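Student: One letter stands for each residue in the lines below.
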Amino acid sequence: METAISVRGLRKNYKTYKREDGFLASVRSVIHRDFSTKEALKGINFDIAKGEILGFIGPNGAGKSTAIKVLCGILHPTAGEVNSLGHTPWEDRINYAQKFGVVFGQKSQLDWDLPPNDTFHLIKALYGIPEAAFKRRLNYMVKLLNVEAIYKTPTRNLSLGERMKCEVIAALLHNPKLVLLDEPTIGMDVVAKKKLHGFIKRINEKYNTTFIITTHDMGDIEKLCKRVIIINNGDIVYDGLLEELKKKHINNKLIEVKFEDKTRIRVPKRCKLISRTPYTLKFEVPVKGQSLDKFVVDIIKNYPVADIVISDPPIEEIIRDIYQA
Amino acid sequence: MVNIKRFLGIGKFEFNRHHAYRFDSLIWMILIPMFFLVEVFLWKSLFSASGQEVVNGFTFQSMTLYYFMAHVTMAVTSSNLDRMISYLVKTGKLIKFIIKPINFFHFSFIRNTWRSLIRAVLYIPPLIIAGYFLIPSIDFSYLQPHYYLISLILAGILKFNYIFMFGLFSFWLKANDGIRILRQGIAGFFTGMLIPLSFFPQPMQEIFKFLPFQYMLYVPVQIFLGNFNPNQIHQMLGFQVIWTIIFMFITFALWKKAFAKFKGVGV
Chain A
15 METAISVRGL RKNYKTYKRE DGFLASVRSV IHRDFSTKEA LKGINFDIAK
65 GEILGFIGPN GAGKSTAIKV LCGILHPTAG EVNSLGHTPW EDRINYAQKF
115 GVVFGQKSQL DWDLPPNDTF HLIKALYGIP EAAFKRRLNY MVKLLNVEAI
165 YKTPTRNLSL GERMKCEVIA ALLHNPKLVL LDEPTIGMDV VAKKKLHGFI
215 KRINEKYNTT FIITTHDMGD IEKLCKRVII INNGDIVYDG LLEELKKKHI
265 NNKLIEVKFE DKTRIRVPKR CKLISRTPYT LKFEVPVKGQ SLDKFVVDII
315 KNYPVADIVI SDPPIEEIIR DIYQA
Chain B
557 MVNIKRFLGI GKFEFNRHHA YRFDSLIWMI LIPMFFLVEV FLWKSLFSAS
607 GQEVVNGFTF QSMTLYYFMA HVTMAVTSSN LDRMISYLVK TGKLIKFIIK
657 PINFFHFSFI RNTWRSLIRA VLYIPPLIIA GYFLIPSIDF SYLQPHYYLI
707 SLILAGILKF NYIFMFGLFS FWLKANDGIR ILRQGIAGFF TGMLIPLSFF
757 PQPMQEIFKF LPFQYMLYVP VQIFLGNFNP NQIHQMLGFQ VIWTIIFMFI
807 TFALWKKAFA KFKGVGV
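Protein chains in written order, with my numbering: chain A, 15 to 339; chain B, 557 to 823.
Bear in mind the hints are in silico, worked out from the structure with no lab data behind them.
Given the structure is predicted, the values throughout are model-derived calculations rather than measurements.
Honestly, I wouldn't trust all of these hints.
[Said to hold, decoys possible] In the BS3-like style, the derived pairs of lysine-lysine whose C-alpha atoms are separated by at most 30 Å in a straight line are: (1) K730/B x K113/A; (2) K812/B x K32/A; (3) K209/A x K652/B; (4) K56/A x K817/B; (5) K649/B x K113/A; (6) K56/A x K813/B; (7) K730/B x K52/A; (8) K649/B x K52/A; (9) K29/A x K52/A; (10) K819/B x K52/A; (11) K56/A x K656/B; (12) K646/B x K121/A; (13) K166/A x K64/A; (14) K819/B x K656/B; (15) K656/B x K157/A; (16) K29/A x K561/B; (17) K56/A x K568/B; (18) K315/A x K240/A; (19) K568/B x K29/A; (20) K600/B x K29/A; (21) K208/A x K260/A.
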């Protein structure tokens, strides 16, 4: 497979200033400021293939946004090499800018008092998008994201979800080969999220666009990404398929039972109780060395079961385990 | 590299912005002639109180014309670019311009040019209407509109670089407001917007010649009024070019530093 991005030994340190409490410290800080170096990225390596949708996850302050900014060419790394679509992002910024698009969920690129449509036209002029291609892409995306009715209303009047959809359109108008989405679904409702997921998949299939998505929403990851990179404290702690991650880290199954009547039931041996009410029971079963059938059959035989659900623990829990490890 | 489509596209966007803030523009369309009116009446009473026909080389007639042209020049060359840059830096929204395939300096220049054009179209007509009623009949043969136009364009480019430089300070200073107010104060006094520079003592006027401020407003207006002979005009245009080049260098070097800081080079 062709490589879109390769990152080798990427390091980034930040200098931060510190000031102790108190008036004296304030006065002292005028003359001399103490600073400490924070290692945001500690020499990470990864490759991304063309047409891949990669999930980039990690807790707050893990270094996700730093990595995204380096890939955009707006942050100069302390050390390391990056080759993104044949460019070194921070050196060849203007040529490289034609080839990638980026959405910062926290920083709007739409003009607050103008309709998104005006920003789209500005983008058309800045990227030199031909009229016909612009119209075709805009119409296609506007329909796909269902924003026909609102993209000509001033941005300040839009809901967060509507605005984010327009942000995504703005980032994709010039048909970039690489799209970086930094928390694209932040503040979105389920319907809007689903719409955006579908959209990203369509664009990915249609244009073979490479996507990198950072998010705190595991729903995004499960819907979109085959592969994930988990980053914590500036290091990559996992890089591989989402399925592998699940297989490797899912040691338990979750069993949820609903009863028709009030039922008293003992939690089976070696299982962990999660919650219990008179009508429900939720517990975890270790999957190693035993089959689940026995548990399920036992319960159905002996108790008035209305419903029984077996599921994997939510991916959040796996991620939490990895973060805390 | 001149890119017409890009230039027009940015113009359209700026036009839309002005349209969105049209109430603001409307207020300025009323306010600018009002300032002019106040100045004319002030000088009217000053001239009649002094009992002299000519004060520091100005008749009442040429004084009204001076303020008229000062406002025209101001309308075209004034800019709040420094506030805009400071806002973008403070809020981190500069990113949205940095990820575009255009140099920010280049982009700001095109944007500023359009704002000048739009302001000229909006604010000069109301001034002309006010001038029609307020300026006593004038002898047009002294005026130098062609040289004025050249000088005005140079003043615009000079002022753009100068204000852009002030905007860049916000990369190092968290609060840029004080500096901006200082900048505006300096502009009011030393460019000749408040009073013609010929009202200052002779030694100060000599110093002004070696400062950039008078080339932003006083010089183009004086050129228009025909107060310079052709030799002096060429000299003045030369000074404008020199100052423009100096500020271009400063701004460009500063921008490189600012951008390096923004990107965190060498940290």
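Student: Are the hints correct? Go through all of them and say.
Tutor: Status of the hints after comparison with the structure:
{"no.": "1", "hint": "K730/B x K113/A", "verdict": "33 Å, violated"}
{"no.": "2", "hint": "K812/B x K32/A", "verdict": "27 Å, holds"}
{"no.": "3", "hint": "K209/A x K652/B", "verdict": "25 Å, holds"}
{"no.": "4", "hint": "K56/A x K817/B", "verdict": "21 Å, holds"}
{"no.": "5", "hint": "K649/B x K113/A", "verdict": "21 Å, holds"}
{"no.": "6", "hint": "K56/A x K813/B", "verdict": "26 Å, holds"}
{"no.": "7", "hint": "K730/B x K52/A", "verdict": "21 Å, holds"}
{"no.": "8", "hint": "K649/B x K52/A", "verdict": "23 Å, holds"}
{"no.": "9", "hint": "K29/A x K52/A", "verdict": "6 Å, holds"}
{"no.": "10", "hint": "K819/B x K52/A", "verdict": "16 Å, holds"}
{"no.": "11", "hint": "K56/A x K656/B", "verdict": "28 Å, holds"}
{"no.": "12", "hint": "K646/B x K121/A", "verdict": "12 Å, holds"}
{"no.": "13", "hint": "K166/A x K64/A", "verdict": "34 Å, violated"}
{"no.": "14", "hint": "K819/B x K656/B", "verdict": "15 Å, holds"}
{"no.": "15", "hint": "K656/B x K157/A", "verdict": "25 Å, holds"}
{"no.": "16", "hint": "K29/A x K561/B", "verdict": "42 Å, violated"}
{"no.": "17", "hint": "K56/A x K568/B", "verdict": "45 Å, violated"}
{"no.": "18", "hint": "K315/A x K240/A", "verdict": "39 Å, violated"}
{"no.": "19", "hint": "K568/B x K29/A", "verdict": "41 Å, violated"}
{"no.": "20", "hint": "K600/B x K29/A", "verdict": "61 Å, violated"}
{"no.": "21", "hint": "K208/A x K260/A", "verdict": "22 Å, holds"}
The structure does not agree with the numbered hints 1, 13, 16, 17, 18, 19 and 20 stated previously, though it agrees with the rest.
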